[in-house]
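Engineer: Protein sequences, first through last, are from chains A and B.
My numbering applies: residue 21 is where the first sequence begins, and numbers increase by one.
My numbering applies: residue 21 is where the second sequence begins, and numbers increase by one.
Rather than coming from a laboratory, the hints here were simulated on the basis of the structure.
Possibly wrong hints are sitting among the right ones.
Copies of the same chain look alike in the list, so a pair counts if it works inside one copy or between any two.
[As the list claims (entries may be wrong)] Straight-line distance between alpha carbons at most 25 Å, and here's what the computed SDA-like set of lysine to any residue pairs gives:
#1 K193 with R338
#2 K303 with E416
#3 K360 with R396
#4 K163 with V385
#5 K163 with K303
#6 K303 with E277
#7 K49 with K193
#8 K360 with T115
#9 K360 with T116
#10 K360 with S390
#11 K49 with E375
#12 K49 with E392
#13 K303 with V419
#14 K360 with E112
#15 K49 with E123
#16 K49 with Q382
2 protein chains.
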Amino acid sequence: MTLPIASVPNGTVTSARGFSAGGVFAGIKTPGPDKLDIGLLISDQPCSVAGTFSQNSIISPTVTLTSSRVGVDKKVRAVVVNSGCANTAVGEQGTTDAKEMTELAATQLGVTAEETLVCSTGVIGVEIPMALMREFIPQVSPKEDGGNEFARAILTTDKRTKEIAVSFDVDGKTHTVGGVSKGSGMIHPNMATMLAFTTTDANVDPAFLQQTLSAAVKLSFNQIDVDGDQSTNDAVLLMANGAAGGAVISGGDDASEAFAEALLQVCQHLAIEIARDGEGATKLIEVIVEGAHTEDDALKASRECASSLLVKTAVYGRDPNWGRIFMAVGKAQITLDESKIDCYVNDIQIVANGEAIAYNIQSVVSALGSDEVRLRVDLNVGNGRGMAWGCDLTEEYVVFNSAYTT
Amino acid sequence: MTLPIASVPNGTVTSARGFSAGGVFAGIKTPGPDKLDIGLLISDQPCSVAGTFSQNSIISPTVTLTSSRVGVDKKVRAVVVNSGCANTAVGEQGTTDAKEMTELAATQLGVTAEETLVCSTGVIGVEIPMALMREFIPQVSPKEDGGNEFARAILTTDKRTKEIAVSFDVDGKTHTVGGVSKGSGMIHPNMATMLAFTTTDANVDPAFLQQTLSAAVKLSFNQIDVDGDQSTNDAVLLMANGAAGGAVISGGDDASEAFAEALLQVCQHLAIEIARDGEGATKLIEVIVEGAHTEDDALKASRECASSLLVKTAVYGRDPNWGRIFMAVGKAQITLDESKIDCYVNDIQIVANGEAIAYNIQSVVSALGSDEVRLRVDLNVGNGRGMAWGCDLTEEYVVFNSAYTT
């Protein structure tokens with residue numbers, strides 16, 4: 021019996037009870053309307069915490085410090101984030117600065133530095149302007165409705181904020197899961213992603229918390245692609261403070277199932293919004309691979325397809341060039357039988373049994389013009405199903421990344 | 021004692037003794053000056069043959085047929101190639117058509133279909149126009165100086181032909197290795213590449229032939245990238261007819277070493293020319309990773325760097341954004357110590373011990389403006405060295421691949 025999960029109107033990272041957040045503009049990024057570049061997130065009670073982090077061999081000292089403070093035996097209270105500077109590849113100074121950022125935030129929030137996490141995103145190879153941190157972190161005043169400020173404070177080249185919250189009831193108590201993320205470029209996460217912060221007032225067993233987060237990340241952030249590049253600063257965090265007053269959630273019951281499903285919905289929404297808002301993108305590409313030998317095959321093939329530059333440019337140009345979809349699926353080197361493959365663009369079938377069928381080209385061109393393009397590939401060799409999300413590749417991506425240091 | 025290897029002026033695939041080639045325009049591609057779309061290559065004596073082929077799970081029936089005719093126990097005489105149509109994802113008809121192409125070529129050349137190989141390149145999902153094949157294959161008359169015609173006949177979106185030959189002397193007998201290739205888009209080969217045909221008049225033991233080709237492909241075609249996509253039709257072939265009259269080359273002596281080095285030079289030249297002529301490219305990017313823990317680490321890291329869209333766009337925009345180079349090297353997930361990394365752009369050092377050093381930005385911007393940009397990364401953790409080649413990513417790549425079915 022699955023518990024119903026409801027969307028929270030204007031949901032954000034502070035929709036879960038007991039979380040507050042806020043942001044300020046310090047001048048790390050170039051100024052602009054509504055721009056913020058330092059954010060604080062705080063729980064009024066200690067939280068269990070789970071996280072997944074970049075698998076790049078070169079990682080930011082903020083990731084190293086934060087991951088050392090995440091684990092089943094750890095409790096945290098707060099997160100400080102800055103955008104505009106990644107604090108990466110700057111030598112030992114990076115670790116010193118990351119630690120000082122948590123001290124500044126802890127002092128402002130009345131918690132300890134050890135229970136404060138830190139994330140940075142922006143240009144690699146430039147030191148954090150600590151003078152600005154010392155001046156502006158003390159100016160951030162978290163509020164219960166400050167989720168959107170926090171969402172704005174973590175953006176870099178993103179065009180809009182990414183926020184969501186969903187809720188479910190257990191024994192008359194409402195449990196909420198909220199989250200924010202940022203993305204844009206250098207997006208092809210591997211067991212982690214760019215920055216995403218999720219919160220819940222559910223009372224979750226720490227081991228189950230990490231297990232549930234890892235499972236959700238596998239089906240969300242790890243299935244998106246903007247440009248095949250993997251950031252040095254990727255981090256997804258999940259804080260659970262138990263403020264909903266419910267019983268412990270530790271797996272094996274309806275509440276656990278609902279919590280896992282709610283978290284998956286939050287992570288998939290945040291991941292899809294990152295793909296939709298990829299640098300230079302005009303549309304979201306959703307790839308569904310079904311009938312695969314295994315779920316892992318389907319996940320791999322769908323992601324290869326969502327990551328292929330030739331698929332991305334074909335969708336941008338509304339070119340029903342399904343040969344590129346075949347190439348990309350085959351690149352995944354999974355089990356398949358070419359003569360069994362069916363292909364659909366927004367539910368219009370264009371390939372049956374591995375060969376083109378007579379279809380109305382104009383309707384497919386028109387389907388490719390919509391804001392969301394769904395490519396569905398049925399391999400017809402098993403029951404494995406997987407989804408991935410990407411965006412189209414446009415001239416603007418090239419202009420953007422050749423003309424600016426980002 | 022290494023034997024000296026000399027460049028052959030205007031060298032091509034027919035520079036090795038006993039090989040002839042030719043081409044014709046049949047109308048499979050859109051017409052244009054100097055355009056040809058069917059090519060024949062023939063040896064006047066039976067050849068030992070080696071090959072490497074696409075590792076994509078979906079491969080062209082021409083690849084399947086050709087690979088079945090390549091092996092240590094096989095002899096071949098000829099190759100027929102068409103451009104403009106990949107003969108891929110067209111069902112059983114693809115196999116029928118590939119076989120008939122070898123029959124048509126065999127009849128024209130006076131050899132058997134079984135000793136004739138076939139390759140196709142072009143749009144996926146469209147049947148080969150066999151009526152044109154039946155009319156035009158009989159019109160091709162291979163000549164000893166027909167290498168350039170053959171080189172033109174295999175091009176698709178390439179802007180120029182890719183040809184080379186080198187030679188070395190053993191006991192007074194000149195041995196020549198020649199080759200042609202084509203590339204352009206869908207270029208990120210895995211244990212194979214787009215089309216490349218290499219020939220030699222050396223008398224090479226078949227097992228040594230395959231071993232030498234595989235080793236050369238690993239350090240050439242498998243180290244280039246245009247767009248991260250892997251074709252369904254990739255093939256590299258090497259035919260050895262022994263016409264130089266030399267002793268058998270089977271490894272373990274100076275002649276074998278010279279042959280392997282000559283083949284490597286031919287393969288690297290052809291691979292680099294594919295990278296340089298990538299769709300929309302304005303410059304060649306050469307990445308050298310040295311001081312790596314192992315050679316494989318260096319090969320992997322250099323290729324990740326040459327494949328990164330953010331590195332490609334930074335080079336296009338002359339942006340000395342070395343953080344992207346760090347990100348790309350780290351993405352390879354190899355053994356490294358960030359605090360030991362040195363980075364150079366065309367020999368100008370920009371990073372020492374993992375941190376930016378004071379350098380003249382204008383000289384680096386100027387270096388990034390040259391036709392060939394060399395990015396060198398010294399990891400300083402071992403003796404492994406590897407090279408890879410890519411091209412910049414420009415608006416033209418996007419326009420090209422969104423506006424046309426290619």
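Engineer: Any hints from earlier that this structure breaks? Give me their numbers in increasing order, please.
Structural biologist: Violated: hints 1, 4, 5, 6, 7, 10, 12.
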